[in-house]
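**Q** Residue strings, one per chain:
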Amino acid sequence: MIIEEHRGEHPGVQDGAYPSASPAARDKSSSDTPGDPVIRVMGLTKRFGGVTAIDGVDFDLLPGEVHALVGENGAGKSTLMKIVHGLYAPDEGQLEVEGRQVTFVSSRDAEAAGVAMIPQELDLFPELSVAENLYVGRHRPRSWWGGLDWTAMRTEARRQFETLGIDIDVTLPARFLSTANRQIVLIARALMGDARAVIMDEPTSSLTEREVQRLFEVIKDLTERGVGVVYVSHRLDEVFTIADRISVLRDGLHIKTAPVSELDSEELVRLMVGRALSELFVRNPHQHGSIALELKGLSRSSEFTDIDLTIHRGEVVGLAGLIGAGRTELAQAVFGIRPVESGEIYIDGERVSFHSPQEAMNRGVVYVPEERQSQGLILPFPIYANITLSILQKIARAGFLNYDRERKTTDRFADALSIRGADVSEPISRLSGGNQQKAMIAKSLACEPSILLLDEPTRGVDVGAKSEIYRLIDQLGQDGKAILLISSELEEVLSMADRVVVMREGRITAEFDRDEATQERVMAAAAGVEEKAGAAEL
Amino acid sequence: MSMKRGSVPLRWIAVPVVGLMLFAACGESGVGQAPESAQGGGGESRICMMPKLVGIPYFNASQKGAEEAAEELGVDLTYDGPTEAKAALQVQMIEQFIQQGCQAITVAANDPNALAPAMKKAMDADIRTGAWDADVAPDAREVFVNQATFQAIGYALVDIMAEQTGGKGEFLVVTGSLTAPNQNAWLKEMKERMADKYPDMHVASLEPGEEDLQLGIDVTTDYLRANPDTAGVFGITSVALPGAAEAVEQLGLDGKVAVTGLSTPNDNKQYIDAGVIEKFVLWNPIDLGYLAVHVANAQIEGKMPESGTFEAGRLGKVKMLAPDEVLLGPPVIFTEQNINDYNF
Amino acid sequence: MPAGVRTLLLRPEAPALIFLVLLAIVLAFTAEGFLDPANLEDNIARVVVLGVIALGVNQVVLSGEIDISVGSMLGLCAFAVGAVGESQGGLILPLLAGIGTGVVAGSVNGALVTLGRIPSIIVTLGMLYALRGMILVITGGRWITNIPSDTRALGLQSVAGVSVPVIILVVLLVVVELISRNSTWGRNVFAVGGNRRAARFAGLSAGRTRFLAFVLVGVLTGIAAAIYVGRAGGVQTNAGQGLELQVVAAVVVGGTSISGGRGSSVAAITGAVLIGVILNGLVLLDVPAEWQSAMLGALILLAISTDALRRRLLREQPS
Amino acid sequence: MISAAVPRRLKLSRELVLLAILVALVIALSLMSPVFLTISNFLNTSRFFVEIGLVALGMTLIIITGGIDLSVGAGLGLVSVALGFTFKAGLPLPLALFLGVGVGLAGGYFNSLFITKLDLHPLVVTLGTLALYRGLALGLSRADAVSNFPGWFAYFGQFYLGAVPGQLIVFIVAVAIVWVLLARTRYGRYVYAIGNNEQAAHFSGVPVARVKTALYVGTGLLVALAAIIYTSRVSTARADSGTGLELDVISAVVLGGASIYGGSGTIAGTVLGVVIIATLRNGLTLAAVATTYQVLILGLLLIVAVFLNEFFRKTEE
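Residue numbers (my numbering), protein chains in the order written: chain A, 1 to 538; chain B, 1 to 344; chain C, 1 to 319; chain D, 1 to 317.
These aren't lab readings, by the way, just hints derived from the structure by calculation. Glycine residues also receive a C-beta, built at the ideal position from the N, C-alpha and C atoms. Warning: the hint list may mix true and false statements.
[What the hints assert, rightly or not] Sample of chain C residues facing chain B (criterion: CB under 8 Å; computed from the structure):
(1) GLY33
(2) ASP42
(3) GLY141
(4) ARG142
(5) TRP143
(6) THR145
(7) ASN146
(8) ALA160
(9) GLY233
(10) GLN236
(11) GLN241
(12) ASN280
(13) VAL283
(14) LEU284
(15) ALA289
[Claimed, not checked] Calculated pairs, DSS-like style, for lysine-lysine (alpha carbon to alpha carbon, straight line, at most 27 Å):
(16) LYS256(B) / LYS121(B)
(17) LYS191(B) / LYS117(D)
(18) LYS88(D) / LYS188(B)
(19) LYS296(A) / LYS256(A)
(20) LYS86(B) / LYS88(D)
(21) LYS86(B) / LYS188(B)
(22) LYS121(B) / LYS191(B)
(23) LYS269(B) / LYS303(B)
(24) LYS121(B) / LYS86(B)
(25) LYS64(B) / LYS86(B)
(26) LYS256(B) / LYS168(B)
(27) LYS88(D) / LYS120(B)
Isolated chain A (complex conformation) (with noise of 0.2 Å):
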């Protein structure tokens, strides 16, 4: 089970370099009456349409405690945290905020009454300034003629980036911010006011280690003020280190609500996906043939200097760094949608360059890119045409399209990637997000590729769907595709890669073999020595 040996080896845990809750919290949270939940949910549903997002659930949080919320995409998890920011409306149960029963009628209300959420969703204000940004719908000082103060905003603002241990300018309009910086103003914005409750929806998914480590310590400053921190996340080792309690939900259902040292991490996915899950990664020889891609000195500048790389049939390359790093502006330079300034790429031994993406598509790359509902899919579009949109020359008749042989091709990649939950001629936005990366992949399968640029391919993607995509991984290594793989998460690299080579700041810092490559060596490569964080990508 790589992630308990994974919670196990984290050198962060070990030296304590993460800090826990604080042993108050965890006091308060094992005994019995602590005094009143800051929150407390008791049978809350909710409907979209037919669908029931989450059903009966009960749920509270104690003041000082750290309560993790775990679950499958799907499970109801972020419904239920926007019922309580008051973006959702209930359709039964009730809500209690300090032994107040509450009706949030908007955003506004939950945060008037102490509740604070920072988004999944990495949405700022893009004109506006970073300072202004942690003030938007709320309150804002005023200077004596009525109008807005802006002084005093931009130096509260400072000074709560201080408290963050990170320098940003407050100034600069939100839209050049690096996605490092969006989620962390994001999380300034959400600790700004005096809430009694934080919650914190996947708050780490683009931050480096050292960002991770000084939001822990916010979380630890904020439980011992005697605050309620409720933590969403799919990374079971971070909640494992930071959560007092921890709550599961499956489909729209409370299953188990445990303090931390009940629950092992093999226990927590059996109840997260309802089985056991007896191995995540799949890894089988693969057998290496030609080189298929090789880039030299490529360069675009601010993006990425001088990259040489090379991958062979049948090899899986992980290439790991920080969010930021230049990984994914290369794979989309490779793909012909960013222009390469300099430097050549070869396939199969033959120069190209690409200006476009059907020009890659044509000589057998293809991008999976990490943006799934931005950048990969066409959601209101049913399935088949979404599989189909990439080879529609291939299966048009002189421009004419064939819904039966739409369908008959659909089918067959549907089925072999086990997509599951609708016709294909449903939309694709009523798949579950495991089931679209699938579809995602498929797509790209579709058009026969024998070189893949995987983008985080199993981002927001529940575990059951993430061995499902290694698995595939693993198949099409053997059947000799040459697959880059970009991915934040470590484990994932060091299982599933060949060779694994680290970007840092646009350069390529360390290439490392299978057996050579360990989670210290590639985090020291892709941080660097002299780490720096949080200035501002311009």
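Use these hints to put chains B, C and D onto chain A, whose structure you have.
**A** Structure of chains B, C and D alone, referenced to chain A:
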């Protein structure tokens, strides 16, 4: 929660309420009864008459005269036109007049040739055809009711201007759109008159006011700024003249820059009173509408003379310019003395 | 690139302003009388009606919506001003009548967009027809002339040698820009237009924010109508026809993003003045009237292309 | 009728709403005017919506991709002037017609250059080209009109096959072609894909820029066709032809249920939208409702119809 639930009925209510508001607003005004047909006694003959556009005082005045004549003659009158002066819309309405079973159709054309095919179709359907105010191609109508000849208007304008500027100087002409055929024809006559009789008078520039009062003011202002030695301004549409006069008044050039043109008396009374305009030209649109209906009725009854004069009710005898052209009379020149005698 | 230049180029109105300055320099050398103070003032005076309305529509565009009903709305408001002025005289009553009419029309737009959840381009397209129809039906085609000079004060008078319309434009620019920068509503407009989902998450009422933007258009159109009546001295049934496209052109040429969230009041006015200067320059340069529209179109295209150039310079994604 | 983006059930109900509106209109109008519900009136009316309808076909596709083209009315004027004045200058009419088509194509291509190469918003670009094309038409014609076309030119706009106007046949053929293109070919699929998620479409290998270019150029072709029919129908080439056409066309398209935000819309809906507006105009005129009221009614109808449309869309979902 309450808001989200509440919003559905609110949305339902929003549209009908707005609709009702708008209609209520119209109802209250008490103007505009929809069908514009004056029911005559016999109701046998039906005359369909189309202005260039509806909703402007000039054609409202013609409508008044037309309705007067219809009542006198005991015929059905449909008086309707497009809300914008577009030939294409007129074509469409002519076709619909044909469908409606009119015995005579008479139009004020936005474009002489564009309306021709539709008018020929009316002829083919055995409908009497005519034009008034602005002619269509001669082979596409049986008769034209001419308010005043292009020559008479063009000459009168130039003569009035010459009186005020001593027969010399550079002039600005503010027109409607650059494609307006009547205006272009008057302009041609004006230039001819200048060349023949006043060799020191020249049209220096032609600016479109696009039948927009403000635009007319702006182009005149701009032009007079750039060319301060301009002797006078012609405003040759009913909108261009008050616009030109307003610009001259605002620039404080009244008395220095002469203004004249073609327009309706009500819209220019204030400039006559203020002395910005001394004289301007038009015909009586009420009489024009009145005459057009009389002519159409005579066509239906087969009583159109080929030459000589035509007997038109209270107007008495009017002149036949040609076998297919009736002339209302000489243009009316409006001055401080007579302007209060007219109300249109 | 120096940081100062960069910051300047980041302003939404920067490309249009640079274009305006370049054009003014060219005209100063080529067009006689362009630099004449009276002419410079006239450049602004002729776009006051356009500019005042553009200030309102700019807020609507910033909030992620659009309003193309303003041509007919101006006509209706002008009739309200003219009719009240004709019967009552004075300035205040007609002005209030104009603003009131604008507020009602703007509220209808706002209500249909926010409560009726109909896309704003359709609501305001429908209102463009409906309001013009109302003008024709209510007036029965009568024009208003002979408006007393009291009522026309906003268009005719001048203070210390500067004409009142220009003063009104400057004052409104300052007021709207202050509201936009220093009021909660003003900031919420940017938030709602920049990211609707995040705005909802932050607890903002996107509906209320956008509704008020439509009402502001009504208020400003009412004021613009009083200026229009003052300057023109009369109201025709086609008053304001086609103005809607000019207003949208002014807003977007000035640099406010048509997709919302980015722009400024200064941008809207820059766009309006740019259009005014182009039109004025064409007359001064004796460009024949029939070629003026083509030149205007070409210059608008050139102006918006400078925005694309700026994005290239700064390597920005298209907004 | 398999369309990629819209499940069948949903699409049907939207067009049924429109059909119901049309039927209600026809019933109401035939009560108001006895001549309204006659075949000759219907065929006659059809001659007046063909120009709007042709352009609306292209506009539908553009709106589905999330774009818009405000320059179509000005484009019609420019094509009309181009063919009329080259003919007047001595070019044989057949060549002048080809030149007109070329001008239409070039106008569309010019729009697409700004939109695809400079990444400018179509609304902004076509607002500029609206002024440019109208201005070119005015300048080239020196604000004059041409009308001495040879007799055979009248066939384009005044020809009848039996009782059926020629341009109605042209329109039906165009509808069939565009319908098939949108609903049955991969290009149609691309159009919907771009409208729903342009970035994902680009990443999936959809030739986004090429499809957009083709749409604006194709609309230019339809504009040229409409211009020829229009010029022939009124036998006059004038610079102000087609003024305000863009608003009529957009009204018809959105009335037909295309989402102005892109991603959805059908040819059937657009055709219904075109027919409803034409029917309303024709019927009200025949019923002697003054045109001043028609403007008001048209505006309200547009709002109410789109409201119903959105309402049904949401209920279905």
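**Q** Broken hints, numbered, in rising order?
**A** 8, 16, 17, 19, 22 and 23
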